[in-house]
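Counting in full-length UniProt numbering, the sequence shown runs from 1 upward without gaps.
Taking lysine-lysine pairs in the DSBU-like style, the calculated list, with each CA pair at most 35 Å apart, reads:
no. : residue 1 : residue 2
1   : Lys-16    : Lys-109
2   : Lys-25    : Lys-84
3   : Lys-64    : Lys-109
4   : Lys-34    : Lys-109
5   : Lys-82    : Lys-64
Cβ-Cβ distance ranges computed for the label pairs, FRET-style:
no. : residue 1 : residue 2 : range
6   : Gln-93    : Leu-46    : 25 to 31 Å
7   : Pro-101   : Glu-35    : 39 to 45 Å
8   : Gln-32    : Lys-102   : 31 to 37 Å
9   : Pro-14    : Pro-77    : 19 to 25 Å
Note that these hints are calculated values from the structure, not bench results.
In this text, a Cβ means the ideal position worked out from N, Cα and C, and glycines have one as well.
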Amino acid sequence: LLTAGHDLDAIDLPIKLDVSSGGEKYIQLSGQEKELILNDMMVSDLQGVISSIIYGPDKRTQIKPDTTNVLFVVYAPPGIEKSKVFQHLQDIQKYVHIIAPKSEIELLKVFR
Numbered sequence: 001l002l003t004a005g006h007d008l009d010a011i012d013l014p015i016k017l018d019v020s021s022g023g024e025k026y027i028q029l030s031g032q033e034k035e036l037i038l039n040d041m042m043v044s045d046l047q048g049v050i051s052s053i054i055y056g057p058d059k060r061t062q063i064k065p066d067t068t069n070v071l072f073v074v075y076a077p078p079g080i081e082k083s084k085v086f087q088h089l090q091d092i093q094k095y096v097h098i099i100a101p102k103s104e105i106e107l108l109k110v111f112r
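Please work from the sequences and hints to get the whole structure.
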């Protein structure tokens, strides 16, 4: 399972889970522009790609010290049980509570 975290307030909603057609570009956390290959699993918002399973999350929506609202995306290829993905999300919740004990979870859900 691969996980990407994003500053929810930096996302231009709505988001869309899709498969790339190839050629989509975005700026990675490193600051480098990356072009997606055909059939990469990706998440995008109204401004473009925010994450891909192969290349990771983008710079524009990265989590920063002043981030107060976070979106975690877990990529699970076919064959991975929904319960495994849900358990992974619950693990992330536990880790977040360690560093931010007053944090609140608004939605913990597995989408297909």
